Amino acid sequence: MDTDADLETLVAQKDHVNVLRYLRVHQLRDPSLAVHHGQAALKQRSLSDVTRLAIYEQVALAALDLQDHTLADECLSKLREMGVEKESVRFRLLLGRCLEASGDTTGASQLYDTLLKENPANSVALKRKYCILKSQVGQEIATVAALNEYLQNNYSDPAAWSEMAKLRMEQGDFAKAIYAWEEVLLSAPTDPFVHVSIAECYTTVGGLDNLEQARKHFCQALELDASYRRAQFGLVVAANAYVEAASNASKKQLVDDFEVQVAKELVKFGAEQAIQAYKGTSMLASVQSLMQEYTEGVK
Amino acid sequence: MTKQSIQKVSVEPSALLIVTQHAASHPYEAIHGLLVGPMAGVVQNAIPVCHGTPTRPLVETAMGLIHNKTIVGWYTAPALLHDTKAGPVALRMAANLETKDLEPVLLVLQNAKLVACRNGEGNVDKLLEAFGKDDLGGQWVRPLECTVQDASSAIEQMKTSNPPTIHDFVDHLEGSASTPWVTL
Numbered sequence: 001m002d003t004d005a006d007l008e009t010l011v012a013q014k015d016h017v018n019v020l021r022y023l024r025v026h027q028l029r030d031p032s033l034a035v036h037h038g039q040a041a042l043k044q045r046s047l048s049d050v051t052r053l054a055i056y057e058q059v060a061l062a063a064l065d066l067q068d069h070t071l072a073d074e075c076l077s078k079l080r081e082m083g084v085e086k087e088s089v090r091f092r093l094l095l096g097r098c099l100e101a102s103g104d105t106t107g108a109s110q111l112y113d114t115l116l117k118e119n120p121a122n123s124v125a126l127k128r129k130y131c132i133l134k135s136q137v138g139q140e141i142a143t144v145a146a147l148n149e150y151l152q153n154n155y156s157d158p159a160a161w162s163e164m165a166k167l168r169m170e171q172g173d174f175a176k177a178i179y180a181w182e183e184v185l186l187s188a189p190t191d192p193f194v195h196v197s198i199a200e201c202y203t204t205v206g207g208l209d210n211l212e213q214a215r216k217h218f219c220q221a222l223e224l225d226a227s228y229r230r231a232q233f234g235l236v237v238a239a240n241a242y243v244e245a246a247s248n249a250s251k252k253q254l255v256d257d258f259e260v261q262v263a264k265e266l267v268k269f270g271a272e273q274a275i276q277a278y279k280g281t282s283m284l285a286s287v288q289s290l291m292q293e294y295t296e297g298v299k
Numbered sequence: 001m002t003k004q005s006i007q008k009v010s011v012e013p014s015a016l017l018i019v020t021q022h023a024a025s026h027p028y029e030a031i032h033g034l035l036v037g038p039m040a041g042v043v044q045n046a047i048p049v050c051h052g053t054p055t056r057p058l059v060e061t062a063m064g065l066i067h068n069k070t071i072v073g074w075y076t077a078p079a080l081l082h083d084t085k086a087g088p089v090a091l092r093m094a095a096n097l098e099t100k101d102l103e104p105v106l107l108v109l110q111n112a113k114l115v116a117c118r119n120g121e122g123n124v125d126k127l128l129e130a131f132g133k134d135d136l137g138g139q140w141v142r143p144l145e146c147t148v149q150d151a152s153s154a155i156e157q158m159k160t161s162n163p164p165t166i167h168d169f170v171d172h173l174e175g176s177a178s179t180p181w182v183t184l
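So the protein lines, in turn, are chains A and B.
Per full-length UniProt numbering, the first sequence runs over residues 1 to 299.
Per full-length UniProt numbering, the second sequence runs over residues 1 to 184.
Note that these hints are calculated values from the structure, not bench results.
Model, not experiment: these values are computed from the prediction.
All residues carry an ideal CB built from backbone N, CA and C; glycine is no exception.
Honestly, I wouldn't trust all of these hints.
What the hints assert, rightly or not - Quick list of simulated restraints, FRET-style, between CB atoms:
#1 B:Thr84 with A:Gly172: 15 to 25 Å
#2 A:Ser286 with B:Thr165: 16 to 26 Å
#3 A:Lys251 with B:Pro143: 38 to 48 Å
#4 A:Lys252 with B:Val115: 53 to 63 Å
What the hints assert, rightly or not - Derived SDA-like pairs: lysine to any residue, alpha-carbon spacing no greater than 20 Å straight-line:
#5 A:Lys279 with B:Thr179
#6 A:Lys134 with B:Gln110
#7 B:Lys69 with A:Gln292
#8 A:Lys176 with A:Glu223
#9 A:Lys264 with B:Glu60
#10 A:Lys134 with B:Leu80
#11 A:Lys279 with B:Glu174
#12 A:Lys166 with B:Arg92
Please model the entire structure based on the sequences and the hints provided.
In structure tokens form, the structure reads like this:
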């Protein structure tokens with residue numbers, strides 16, 4: 001196998017098995033491609049049993065994406081014909097996916113519960129339970145509980161923490177979303193998007209301390225990617241909000257004049273960066289006008 | 001002049017199309033946007049703001065970039081096909097748009113009805129559910145009568161097999177500075 005070949009090359013060469021490997025390794029979701037090349041690969045007599053089993057599994061999952069339940073059922077039958085035991089964990093997980101796709105979420109949940117009784121750390125079963133709940137209207141509390149259960153067993157899974165952050169944001173709980181985004185940040189400290197996500201949550205919650213944190217994260221995002229316009233605008237908004245909050249602060253709140261000056265400079269800096277980014281575009285006038293409002297406001 | 005509580009909403013087909021195309025461009029997430037018009041209760045156009053959850057920097061910047069237009073409300077479409085209600089963030093957004101002169105409207109796109117309309121199986125009746133401010137709780141949960149102007153032409157345009165992709169403000173920010181954003 002040419003390990004450097006890209007997907008286009010493999011498709012052009014009709015290297016069906018390696019197209020499927022490429023999709024798996026790069027975690028690409030292209031069910032039509034997977035089904036097409038999977039069905040072609042299965043016609044090859046030279047395939048080993050291990051490879052054939054993996055292809056049936058991959059085609060089954062792709063078929064579910066295309067809502068081709070007939071093809072998915074055929075793949076399940078073929079797996080059984082090839083000697084896969086119906087008690088096999090991997091087979092039951094695939095069966096669970098088929099049940100979910102057909103709408104039998106109760107049956108799927110029961111199957112995953114059985115798997116979890118056998119092995120409480122079965123992360124795939126925990127994830128699927130969460131996905132079932134997330135797909136149902138009015139199950140917000142149970143969804144969070146299911147994701148928490150997964151995270152208790154998989155504390156360092158950044159994708160799960162990212163999922164938790166978005167879930168909390170959907171529920172309007174930006175404070176808890178910040179906590180989850182901070183966990184994502186531990187695994188991705190140089191990802192500007194994560195810094196911006198945290199900063200936007202801090203800005204939304206508001207208050208002097210949170211706005212100071214927001215400024216820092218927007219600045220960090222710009223340190224990592226100076227052209228990130230979302231961070232540029234965000235910095236202007238957060239820094240401006242800090243200045244406003246400071247001017248409206250009660251006498252009991254200690255306001256650091258130096259921090260207020262820093263915030264004013266950050267408004268000007270963010271505004272300059274945003275205007276520079278839009279030079280030569282149709283939105284320049286609108287951006288200039290808006291940034292002028294912010295900079296005039298902090299003079 | 002005392003602000004009057006709105007009783008009904010009129011929606012131009014251009015606004016409806018942007019809302020439906022915005023939802024179609026981001027089928028796996030909730031979508032949110034601003035509504036503009038000449039006065040409260042009249043929705044002339046829609047400005048797509050984000051997919052996912054709106055945050056203060058996004059909304060404040062988007063609103064700041066819209067010039068000389070009256071913001072008359074907020075629209076949303078839930079992430080799940082069979083979810084018919086606005087989430088807590090959309091309710092909060094509608095409340096935050098209220099001014100001393102204007103009561104905004106909250107429009108919630110009904111996803112299952114949209115699918116039916118695009119398949120030629122339904123009409124635009126109840127495609128958008130409109131809500132005004134409830135006097136008791138102050139939440140945007142008071143149902144309003146919602147009329148789509150020139151509904152038949154809106155349906156015909158929705159049935160097109162290749163609807164244009166709508167870039168909201170988040171798409172614009174995450175793309176290049178030239179990525180078009182649907183504005184006025």
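Index of numbered hints that the structure contradicts, given in increasing order: 8
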